[in-house]
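Residue numbers (numbering that gives the first Met the number 0), protein chains in the order written: chain L, 0 to 201; chain V, 0 to 320; chain F, 0 to 345.
Don't read these hints as lab results, they were simulated from the structure.
It cannot be assumed that every hint is accurate.
As the list claims (entries may be wrong) - Derived list of chain F stretches under chain V, where covered just means 3 residues or more per stretch with a C-beta under 8 angstroms from a C-beta of chain V: (1) 154 to 161; (2) 212 to 222; (3) 273 to 282.
Note that the structure is a prediction, hence the values are computed from the model and not measured.
For every residue, glycine included, the Cβ atom is placed at its ideal position computed from N, Cα and C.
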Amino acid sequence: MTKTEFEPAIPSRPVYGVLHPAVGSAHLFVADGEGAGAVCDALTSAPALKAAAHVIYIPGANGSDHTGALQALGVAQFHRAPSFAAALPRLTKVLADAHMGMQIYAAGTEGLMAQVAAAAQAAGLPYEAVQMEHRGSLARRVQCVHCKGVTENVTLDPFQCSHCGLTLFVRDHFSRRLAAFQGVCIDAEDPGQIPASVERFK
Amino acid sequence: MSVGAPKIPVVVAEVIEVNALIKRFRFVRRDGLAMPVFSGGAHVVVEMDDHGTRRMNPYSLMSAPGDTSGYEISVRRDEAGRGGSLYMHNHVRAGMEMVLSQPVNLFPLDARAKKHLLIAGGIGITPFVAQMAQLEAMGGRFELHYSVRSPALGAYVDHLRGRYGARVHVYHDAFDEKIDLANLLKTQPLGTHVYVCGPKGMIAWVHATARAMGWPDRAVHSEEFLAPPVGLAFDVSLAASGKTITVQPNQSLLEAIEAAGVDAPYLCRGGACGQCETDVLRCEGHIEHNDHWLSDDQKASHTKIMPCVSRFRGAGLVLDR
Amino acid sequence: MSLDFNDETFRGDFTYRNSARAIKRFPFPFPEDSYMYSVNMEPHVPGPVGSVFEHMFDVDEHYVSEMRDRAQVLADDPLRCQSLPHMELAGWDLLELIMESKARDYPHWFSLHRDGNQWHWINRPLQIEQRFTFMDASTLPCGPMEYITRQTQGDFTLQDQRDDDLWIEAGMVTTQADWSLDFDIGMSFKQWHAPVPLAHQAGIFDRALKFLLKLQHGAPVRRFNWTMTVDPLLDTSPENYPKWGPSKTTMTPETVGRRQHLRVELQTLHRLPRSNAIAFPIRCYLISFQDLVTVPKWARRMHRVVRDIPDELATYKGFIRNKALMLDYLAPFDDGLPTSPGFAPE
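This is chain L alone, in the form it adopts within the complex (with noise of 0.2 angstroms):
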């Protein structure tokens, strides 16, 4: 799979490029899903990184798991987890212990991404320090600006708040700190006057 292609976006709106294996001392890449694949291109030009390479992977929330093909690459660690959650503490504590000349790459969704470079922020790393790459789905994270809950894995527009049940329409704009676009609900001024949801993020 390939390069996602972006419309232009609004400037809060992060922008993504392709992994390239960079000097360091040593090299975390975090992914989801279809990320397995940038994981796999980056290290495969690189061979020499894999030696000093930890992978850790979360399959896509779409069913694609290519565990596989990241545990044929024969890096120094690899670990599977099962959700974003379940990967946290292992990340914080790689984080925790690294020094600086550590390279961070992030693949997947834009959920996943903002999540890895969320954490390698608060372990005093520039955000800018994080490489990402999108691939596959562009299913939305959404933080409900009303009750302040976090729905994962929008696709649709408006939506509904797994939180507070209010219907949400997704902004553009996007918080880096909370890896999340914002939600608002769409019939605030007029209750009940919710229009048909589109499959806007696939």
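Given the coordinates of chain L, work out where chains V and F should sit on it, guided by the hints.
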């Protein structure tokens, strides 16, 4: 004109010979008010009346940022320079009245850093003296690696060791001691920021070494004030004010514009901050771009100039000033 | 409550009122008959006696009630005040700036006694007396930014400066024009302005950022912004949008004069000395249309601005659905006569 902030009228309270090359100057206010507090890394521009020539040189503040009783700077004597440091060394005495700008910080600490690694060469120690006082007061984690020519020229080494103990590491060129930069950068915890202030070569060395070891650019900070270089005299037309001026060999273009009574903005006067950026309306010849501000494309296009440090050779230069 | 301050509400029964004096000093934000974005910054220097520019931080008849409203917003939603960990020093800078300014400008209401780091603060209108150690947050009931902004009208954000950008990393935001601090905190200058239409393309934010990065301590600047609000509601937050949104649908030709308010933000920007951060107070002033039209020049100009504004901006500012209603109310006050340049009444 420096963006509207009021200047600070001072009297020189004390001049101390730190070593054969460096003098320290202490300024207190003439109007009885408190000095503004500042942030570590800030500089002030010192205005000098050098026997009819107006000089305005930036110097890093080295007094404690919260100390409102006075400001301190250190000046290294530069025999080959245009004369600002020589004026400070040879003519400034306790009791003299002078004028300072408000502090401006172009070399701030990154407040998010988990640790601050400070690398100084020679007179480049001065911003770090203020920054360490600030970090100490706030409980920040730091260490200093300070390279000096010899024990006799190691300004403030004893003071800093006394205050910060094992966090201060000193290296003497005379004893072939050198900062083991590769090892130092390799062992820093994630979230460390490195700061370097010193000679041009040292700054380039730290940037290049950090990049080669995979440090992100935004975790590497440096400050290098360029002294405006001397050069050949040249003529410039100022279109907005309708004047033609001559820039003397030991005068900067900015100083010549100011001497002609034309107001021009500035902050750092060292080619770093971008405040004095000026549009070039016509250029028949070659602009010697000496700044760190303009992009390479901008420099090549000859449509912008930084008058604080850059010069010109050729038949004619017209500026929008 | 003392005679200096109104006892009024910004919710529920909406008893908020402007006195004749408050109307006279209202900061009408349009220097000409049309509106488009501009950087429009000018030095924040003391203005005429009695004007909202007279002092660094204007304290007016709404002070005590506004602070009561803020306390209620914070009790309902503590996320309206947040400060990322590295911003505490900037919070102390802000506390010092406000305490020094208010004690100097309003000595009958506020006093500050400093003995080294031992400070003694008295706020008479709010009946607060506090002894604390400057730079020691454990000696205040809350962080320094929250402490002082619970006692100061207007929203506040604090911007860290690094990497040639400004980062909004602390704030007290309870009187906002529909933006969420909780969502925007941590963003760069262009990120948090991302939803604003038209202005990015016009280069407004490039110029504003370049200007602000060079802002100097001791030389604050100011500008206006504005929007429209139905009822004198300070807390027009996105968080509570389902609660206040329906109010836009219930205005009638009979109630528009009383309920429709012009909302003016007096924004000032101050370089903070210890932290090198920038403080951004956003002071909100509300005036009903029926009070606004008592000044003939304002009435004429308000009509022309609303009539000619691009729909994109009227949508962004949230009043497109009531634009016709507003024009019907304002049109009779516009006799077509020319207006003089500038803010002041004819």
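Hint check results:
{"no.": "1", "hint": "154 to 161", "result": "holds (count 3)"}
{"no.": "2", "hint": "212 to 222", "result": "holds (count 6)"}
{"no.": "3", "hint": "273 to 282", "result": "holds (count 3)"}
Checked against the numbered hints listed earlier, the structure breaks none of them; every hint is satisfied.
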